[in-house]
Amino acid sequence: MSAPTTRYAQVNGEPCRVWEKGAGSTIGFLAGIGGLTAWPPFLDCLAADHRVVAPSLPGFPGGGTLHAEMDGHLDWLLATHDLLDGSDLSGCHLMGVSIGGSLAAEAAASWPGIAKTLTLVSPFGLFDVADPVADIFAQRPGRIRNLMCNNPDNYDSVTSGVADEDELENEVIRTRAHESAARFLWPLGDTGLNKRLPRITQRTHLVWGDSDQVVPLNYARKFEAGIAGDVSTSVIADAGHLAELDQPQAVADAVLEFIGRGN
Amino acid sequence: MKMLFFHLMPYTELPEDFREKNPSIWVDIPSRYFSPGRAHLMYNEFIDELEYAAEVGFDGVCVNEHHSNGYGLMPSPNLIAATLSRLTDKSAICIMGNSLALYNPPTRVAEEMAMIDCMSGGRLIAGFPVGTPMDTAFAYGQNPSTLRARYFEAHDLIMRAWQEEEMFSFNGRFNQLRYVNIWPRPVQKPHPPVWVPGGGSIETWRWCAELDYVYAYLSYYGYKAGRTTMKGFWDLMDELGKDRNPYRAGFLQFVGVAETHKEAMELYKEPAEYFYDRCLHFDPRFANPPGYRTEATIRARVRSQIQSGPSAAQGTARDFDSILDAGYVIAGTPDEVAERLREVATTLNVGHMMMLLQFGNMGRSLTTYNTRLFAEKVMPQLTDLFDDEWEDHWWPTPVAADQRAPIRNPAQ
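Here the protein sequences come in this chain order: Y and G.
At position 242 of the first sequence (counting the first as 1) the number is 242 in our numbering, and the numbers step up by one without a gap.
Quick note, our numbering runs 263 ahead of the 1-based positions in the second sequence.
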């Protein structure tokens with residue numbers, strides 16, 4: 001498995017890491033809770049047939065510390081736009097997971113030309129008091145990994161740290177990623193996205209782990225009902241919230257099937 | 264040395280199996296345990312105890328803010344402080360304090376504290392805590408990632424509201440007010456003394472030093488656990504070129520006094536175990552929301568209050584012998600307690616001692632006994648400490664006695 005190339009996109013004057021690998025039509029990827037400190041096997045599955053570009057959102061590993069200046073929805077929306085734009089992702093097959101999914105959906109709703117198709121893996125953004133999203137910010141030490149993946153080792157393998165940093169600095173990196181998620185999602189994860197789902201006109205693919213403990217599978221129905229474009233849904237067996245980490249090949253197959261191999 | 268009587272106002276009738284049956288006394292404590300009728304009696308008893316402490320000579324009475332909490336029944340300490348302003352006439356009234364980021368707009372804090380300063384004739388100590396994660400992030404839903412920035416901005420707004428002579432506009436990151444013009448204004452000039460309760464964040468120490476505020480280390484884990492924190496605080500003061508005036512600092516300590524050592528062991532065992540077993544029972548999932556601890560604090564390896572207690576492996580001491588060994592509670596005869604407190608005050612270099620003389624399920628008669636013995640037999644042994652060398656610049660300056668309103672005199 002070869003390493004991705006690394007470059008940087010400027011967001012409000014701060015560099016955010018952009019990983020890239022593969023050739024073909026472009027898939028833009030916004031990672032989920034915890035971000036990425038290592039290139040995951042899932043993206044290799046996609047990169048076999050596609051150019052895969054994975055920019056880091058502010059505050060997530062590689063994404064600098066701009067999150068500390070971001071106070072509201074507009075700040076996040078514009079940062080996402082600038083990050084996708086600066087990563088040369090306009091018109092790509094846009095994919096986002098978890099928090100990355102909610103921001104991918106926001107970008108697609110706001111700038112239709114930014115995404116040719118949209119793939120959302122267990123996106124945040126909605127909240128139903130009768131069927132609540134898990135409180136990912138109120139977890140006992142060490143428990144978050146159990147919530148994110150069916151096999152917690154899959155979560156650790158791409159979020160536990162940067163190889164050339166010491167453990168303390170890696171703890172700071174991990175904490176910063178969760179703080180950045182809290183900036184946008186606190187306290188419930190309801191970002192008001194429901195109001196903007198009808199603005200999503202792209203062909204959209206929803207992917208959900210069958211045992212997602214964070215955003216219940218029922219939320220797929222809410223996204224299906226709200227999005228204006230054609231929506232298809234894939235439920236991935238034996239996968240948790242970050243389904244692409246638990247079942248990289250199965251999720252990649254579903255994604256490639258949706259966007260069409262080589263397209 | 265100044266002695267303050269600190270009351271947490273714990274709910275005193277939690278069942279014996281509370282710990283076994285519930286994950287936490289805070290945030291998600293079941294409401295079925297709360298009897299408003301019993302709380303009516305508790306509140307009145309607690310206010311009596313504070314009033315009594317002022318009567319027997321404590322320099323100050325101290326209240327604090329907690330939310331959704333079974334050991335702290337003061338979501339609004341200002342209500343109790345306002346009551347005390349009418350029931351006491353000499354002691355300082357220390358609100359320890361208002362969690363500034365929770366008030367929208369924060370001028371509410373400036374107004375209420377100014378009211379209490381006026382009502383009490385300038386006896387207010389204004390405590391400005393950031394607030395615990397349980398209170399702020401979970402019970403009040405504040406974003407932990409912006410909590411400190413909001414806190415600092417609220418502080419700036421309140422201090423200006425108290426001090427600026429003319430109406431002004433405030434264009435902050437979180438608060439925008441075209442007209443800031445509080446009525447009433449505090450009696451004390453330029454402002455009431457500001458004390459900052461904290462767990463052990465180095466930024467808080469630095470901030471207190473820069474603005475010349477009192478840093479109050481409020482720990483339930485006693486003087487032994489407090490040594491490291493207070494050493495860190497004083498080391499930083501040295502580094503910043505500040506003097507070692509012990510009145511820069513406050514410290515909380517549980518104390519039980521009795522005529523004999525044996526009696527103290529008998530009397531305070533149950534309330535201490537009630538507190539450390541039933542009350543100090545937090546679910547760690549509420550202890551560390553992302554962003555609450557700053558990156559600098561993580562790097563400095565100074566843990567938040569909850570985490571700076573006993574290590575998880577060690578656990579909190581819950582039986583009386585261990586509680587005493589760990590120094591959470593100081594109990595004994597007046598002479599024993601005085602000797603220990605002298606050692607605590609001098610080794611930690613703390614001029615403002617906040618004594619918790621009601622703790623756990625202690626009832627009125629035992630609290631009164633503890634308070635009276637402390638005032639009569641312990642306090643006189645300690646009150647002169649530090650005063651030959653240091654001046655307390657952080658104590659209220661009330662209006663002159665002949666300018667003071669009579670208290671409790673509705674007939675005239």
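Note that these hints are calculated values from the structure, not bench results.
Keep in mind the model is a prediction, meaning the values are calculated, not measured.
Take the hints with a grain of salt, since some may be wrong.
Derived list of chain Y stretches under chain G, where covered just means 3 residues or more per stretch with a C-beta under 8 Å from a C-beta of chain G [what the hints assert, rightly or not]: (1) 134 to 140; (2) 161 to 172; (3) 234 to 245.
For glycine and all other residues, C-beta sits at the position ideal for the given N, C-alpha and C.
How the hints compare with the structure:
Taking a C-beta to C-beta cut-off of 8 Å, the stretch 134 to 140 of chain Y contributes 4 residues in contact with chain G, enough for the three needed, and the coverage statement holds. Counting residues of the stretch 161 to 172 of chain Y whose beta carbon lies closer than 8 Å to any beta carbon of chain G gives 3, which reaches the threshold of three, so the coverage claim holds. Closer than 8 Å: that is the beta-carbon criterion, and the stretch 234 to 245 of chain Y has 0 residues meeting it against chain G, so the requirement of 3 is violated.
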